[in-house]
Amino acid sequence: MQWWVWLIIIIVVVGALMSAAVAIQAKRRSGGIITKRSR
Amino acid sequence: MAILMRAKEIIKRPVVTLAGDDVAQIKDIVYTGDHGEVAGFTLAGRGLLAGPRKEALAWTSIRAMGRDAVIITSEDSFDQRGDVVHKSEAKGGDVIASRVISDTGTDLGKVVDAVLDIGDKAHVVGYEIEASEALGRAGRKVLIPLPDTISVSGEALIVPATASEFVSEDMAEFDASIEAFRARLRGGQH
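Chains as they are written, first to last, in the numbering used here: chain X, 154 to 192; chain C, 44 to 233.
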């Protein structure tokens with residue numbers, strides 16, 4: 154394959170991984186309202 | 044009463060030191076299951092790739108709860124996460140989407156937010172719920188007051204049946220609804 158095809162593939166894969174990482178961390182940062190329930 | 048505020052308005056608010064460093068953001072609001080007192084907050088880092096932080100912020104460590112930021116003296120103000128909330132409580136204790144049921148067994152709706160009374164201390168004084176048909180406003184978001192002593196020991200949140208008479212759709216009126224509801228519970232004339 155041409156070198157530029159590989160370049161596009163690498164850019165797409167890295168971009169997808171970066172997007173997934175940002176989405177996962179955004180989900181982990183999201184908060185809630187937690188009650189310390191009586192036991 | 045001090046200032047009433049929806050809990051979700053505080054989530055994601057930046058935590059800033061007196062030196063001006065933006066060191067964290069609010070992740071979870073933690074309150075006690077008996078008197079609704081806000082114990083503190085869990086924290087997340089700032090930035091796109093930041094996750095939750097291991098530290099937490101006790102309410103007593105806050106210098107000011109501003110409209111746009113929570114002010115602390117320095118990063119030394121952070122506490123151990125376990126001092127504010129245990130891991131097991133953090134995993135199963137989120138009240139969002141919990142059902143609110145009256146003490147007579149009527150499902151009043153599903154929690155979408157909590158209302159905080161913020162002064163020197165902060166307390167959860169009500170819930171914003173997506174009302175069930177039992178309230179006559181199915182699907183609409185309404186504010187329901189809580190008594191001084193609340194019950195959140197199980198999966199559902201139990202409130203006195205009379206709370207349904209003091210439901211409000213407007214935050215400006217909700218302060219008066221809470222007062223009237225609590226006066227009713229104390230046997231006052233409302």
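Check the hints yourself; a few may be wrong.
[To be verified] Cut-off 20 Å, straight-line C-alpha distance, at most; resulting in silico cross-link-like pairs (SDA-like, lysine to any residue):
1. C:Lys184 x C:Ile139
2. C:Lys134 x X:Ile161
3. C:Lys134 x C:Glu98
4. C:Lys184 x X:Gly185
5. X:Lys180 x C:Gly90
6. C:Lys51 x C:Thr205
7. C:Lys55 x X:Ile161
8. C:Lys164 x C:Gly90
9. X:Lys189 x C:Ile144
10. C:Lys164 x C:Glu52
11. C:Lys55 x X:Trp156
12. C:Lys97 x C:Asp77
13. C:Lys134 x X:Ser183
14. C:Lys130 x X:Gln178
15. C:Lys134 x X:Leu170
16. C:Lys51 x C:Asp156
17. C:Lys55 x C:Ala112
18. C:Lys97 x C:Ala140
19. X:Lys180 x C:Ala140
20. C:Lys97 x X:Trp159
21. X:Lys189 x C:Ala112
22. C:Lys51 x C:Ala215
What the hints contain is simulated information worked out from the structure, not anything from laboratory work.
Predicted, not measured: the structure shown is a model, and the values here were computed from it.
Outcome of the hint check:
no., hint, in the structure
1, C:Lys184 x C:Ile139, "13 Å, holds"
2, C:Lys134 x X:Ile161, "41 Å, violated"
3, C:Lys134 x C:Glu98, "16 Å, holds"
4, C:Lys184 x X:Gly185, "18 Å, holds"
5, X:Lys180 x C:Gly90, "13 Å, holds"
6, C:Lys51 x C:Thr205, "26 Å, violated"
7, C:Lys55 x X:Ile161, "36 Å, violated"
8, C:Lys164 x C:Gly90, "30 Å, violated"
9, X:Lys189 x C:Ile144, "19 Å, holds"
10, C:Lys164 x C:Glu52, "17 Å, holds"
11, C:Lys55 x X:Trp156, "44 Å, violated"
12, C:Lys97 x C:Asp77, "26 Å, violated"
13, C:Lys134 x X:Ser183, "13 Å, holds"
14, C:Lys130 x X:Gln178, "19 Å, holds"
15, C:Lys134 x X:Leu170, "27 Å, violated"
16, C:Lys51 x C:Asp156, "7 Å, holds"
17, C:Lys55 x C:Ala112, "9 Å, holds"
18, C:Lys97 x C:Ala140, "26 Å, violated"
19, X:Lys180 x C:Ala140, "17 Å, holds"
20, C:Lys97 x X:Trp159, "40 Å, violated"
21, X:Lys189 x C:Ala112, "25 Å, violated"
22, C:Lys51 x C:Ala215, "17 Å, holds"
In the structure shown, a violation is registered for the earlier hints numbered 2, 6, 7, 8, 11, 12, 15, 18, 20, 21, in ascending order.
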